[in-house]
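Trainee: Listed here are the chains, written in short residue letters.
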Amino acid sequence: MKINELREHLCAQYPDLCPLFSIEFGDGVLLVECGQLLGAASDLRDLGFDRLGMVTAVDRGETFEMVYRLTSRSMSAGIFLKCEVPRDNPVIQSLTSLWPAANWHEREVYDMFGIEFEGHPDMRRILLPPEWEGYPLRKDYEDERIIHRPDYI
Amino acid sequence: MNASSIDRITSDAGEVDAVTLKITERTKKIATDGTPVDELVVNVGPSHPSTHGVCRVITHVDGEIVTKAEPVIGYLHRGVEKIAENRTYLQVVPLTDRLDYVGSMYTNWAYSRSVERLAGIRVPERAEYLRVITCEMQRMASHMMSLGSTSGDSGATTAFIYSFDIRERVIEFFEDLCGSRLTYNYVRPGGVSMEVPDGWFDDILAWLPIARQSLSELDRLFFGNHIARGRLKGIGVLSAEDAVSWGASGPVARGSGVNWDLRKHDTYSVYPRFDFDVPIGSNGDAYDRARCRLFEVYESMRIIEQAIEQIEPGPIKADGIPRLIAPRPGDAYDHIESARGSLGVYLVSDGSPRPYRMKVRSPAFCNLALLPMLAEGHTLSDLVIVLGSLDPVFGEVDR
Amino acid sequence: MTGYVGGLVFGLSGGMVIALAALFGVWWERKVAGRIQMRLGPTEIGPAGVFQALADTIKLLLKEDITPRQADKKLFRVAPFLVFTPIAMSLVVIPFANGWAPLDTSVGMLFYLAVPAVSVIGILIAGFSSGNTYATLGGIRGAAQMISYELPRTLSVLAIAILAGTLAPVEVMARYEWWWFPVSLLGFIVFFISSVAELNRAPFNIPEADSELVAGYFADYSGIRWAIFMMSEYGGIVATSYFGAAIFLGGSQGIGGVLGVLLIFLKAILLITVIIWVGWTFPRFRSDQLLTLAWKVLTPMALVQIVIVGVIIPWL
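Residue numbers (this note's numbering), protein chains in the order written: chain C, 1 to 153; chain V, 1 to 399; chain E, 1 to 316.
These are computed hints drawn from the structure, not numbers from a lab.
Model, not experiment: these values are computed from the prediction.
Be careful, since some hints might not be right.
Said to hold, decoys possible - To list a few chain E residues with every Cβ distance to chain V over 10 Å, as calculated:
#: 1; residue: V26
#: 2; residue: R39
#: 3; residue: I206
#: 4; residue: A209
#: 5; residue: L303
Said to hold, decoys possible - When the alpha-carbon atoms are kept at most 30 Å apart in a straight line, the in silico DSSO-like pairs for lysine-lysine are as follows:
#: 6; chain 1: V; residue 1: K317; chain 2: V; residue 2: K68
#: 7; chain 1: C; residue 1: K2; chain 2: V; residue 2: K317
#: 8; chain 1: C; residue 1: K2; chain 2: V; residue 2: K264
#: 9; chain 1: V; residue 1: K317; chain 2: V; residue 2: K82
#: 10; chain 1: E; residue 1: K296; chain 2: V; residue 2: K233
#: 11; chain 1: E; residue 1: K59; chain 2: E; residue 2: K74
#: 12; chain 1: V; residue 1: K82; chain 2: C; residue 2: K139
Using N, Cα and C, we set each Cβ at its ideal position, and we do this for glycine too.
Could you put the whole structure together from the sequences, leaning on the hints where they help?
Mentor: The structure is reproduced here in structure tokens:
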């Protein structure tokens, strides 16, 4: 499905989500407030985005940008659902109630970024050992084993 | 790391000395009908013949029946996503080899597609064909590994050797092509690294009929066996709804009847030009998943034949790609159908020559999350079959 | 006194025979398995690699004999011998030549069926004393399996005992007639399958199940004690094949001398090869499938065999 058709479809079904929709590198992006995340995700699921592809986060300095990739089999399309979590209070709703697939993905985000998911059944580290300190994928994570390469390479 | 993980399980079963853990740790549990169940905790892995790498499954068994199976992953975590933030876009390509080490071509390609989308690089047609040919051969090799280990897990050693015979030939072709047998570093942003050697295509075309023959031999040897069918049928049944909601993809989803193959349904590269089918299972058990893989190998052979027929001379690399690719700020995601499912790479650029963030959407990671659900209620012998039927590659799961 | 000396000499030479049989069995298995799998098998040591097994044995003898810390030390050390001894003892009633067995007793068949069954205790002890969950599960599996397969195996041999009217293997061989083979075919199949299961060979190697339980009841053994488990396995294969060849296939068929020895040897080799062939080709059963096979298929088959023989006997 072409991206413009997707936008029209989305706007026809959920007019309130329409202004939040944008297009970046050929992919649809829906940027919502974190409070609305569960509602928007549920709307998108009803729209036909029935698979949660991945959950990840990007360290944007003051905030963490949560990135959810949803795909639809019926429309052969994918969409990004994004929201900004404040760095000083990184708590967000869990999507495990909508998709059980979110379980391990959210654990990984917790492991790497320290973002807590409310309503997650099993909030533990997944890839790193439980006693690991710090959250490695944050940009301010320090470890003497990280070698910072010079800029000219 | 090992010792600490042992602490983690002892913490819910009371204080037990780690040395005597294996024999003494038993948990009292009340079954649904009110009778107490004496459970034994078997620690399968991380070093075990059938965990396909370094997976540890803390298995609670009541006699032979698995009541709870909890995978513990991360033993192969190398922090590739963190390392990538410190490398230029081209330097990340060899890192992606080490993710899915059974199918390096896929991670190369998925990453290259993301970079190309981010930097707006157009790939020459010959390079796209070469990518399709190598990746379909990679699918053959990867599925042969999976089928071989399924038969190995169920005890059929000869079927294991037969499937590795086919895989070995594919890997020899790759060796001729790019010099490596496992980590190819072949597909790169903008094209592929090397032109094919003389006569390479002819050798493949001459070999494919032989491979078909050995494949049907393997089919009869393993799937024609009464015991093998008895071991695989009805084991680890995954419903189509669960497959979708758990984000399963690849043969794991298709074995459950979910008709979803990115090559066909969200098509990319030159795949629309080929005539091929997507094998779909119906029962969602280990048998259907294995059969899907077997038939996909036949389909891959069809695609390779068509691609070799259609390929035309031309450049194999896009023109004018700088050594330091510095895309404009933004983020892009692109995915391909790997042997394990939809493999995606999400890249965030801040305008510098290094990725600001790289995230690999690993199909094996999503598929492995199904293990506790699928293994529960089966015997310990079936646990390894279920694990094998999910075909996890731990380089990709742990990243 | 001479009885004790004779017994000692006899026992030692019996041990040598088993060791040689195991060496030969290992070499033969690796050769046959190699051919099945498009390989050559051992080629380096001796002609056609025939001394490979000997070299492996020397290596195993030199290896450290490890007793795990959590093991029950005494039982752990004694368990391999408890497995080995009954199987070694069972060889004593096998007729290796026409009219000759090391111990020609009138209850030879009963002896052969009963004595190796004792090794299940050794397996159970090995599993439990290792102090390892894999080994424990393997030991329990082994006990369940061997007890289940004891019944069809015993019943299947009964048919031949009825036909021959004796329990002495040497006598059976002397009285064997060619039409016994078709009449007792069903019993032979039951005997063969349940013997493979009794020996814990693939596809019935559930107690050791290398892909699930790593090596099952002998997962924690190393060096010479591990080699003793292997020796009892191969000794068991040789004993079973010779016994099957003697009882069901007519053994030396009344031909005396070297030719008779050779004939029964060839029949036994045929059975050994089939055991190896099946083992390397078939996947493993699951434990519940294994028990289903024993109780729902093989036991009724053995009973049917007895009925067939019982119907035929009055017509003779």
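Trainee: For every hint, state whether the structure bears it out.
Mentor: For each hint, the structure was consulted:
no., hint, result
1, V26, "holds, 16 Å"
2, R39, "violated, 8 Å"
3, I206, "violated, 8 Å"
4, A209, "violated, 7 Å"
5, L303, "holds, 23 Å"
6, V:K317 - V:K68, "violated, 51 Å"
7, C:K2 - V:K317, "holds, 28 Å"
8, C:K2 - V:K264, "holds, 16 Å"
9, V:K317 - V:K82, "holds, 28 Å"
10, E:K296 - V:K233, "holds, 20 Å"
11, E:K59 - E:K74, "holds, 25 Å"
12, V:K82 - C:K139, "holds, 9 Å"
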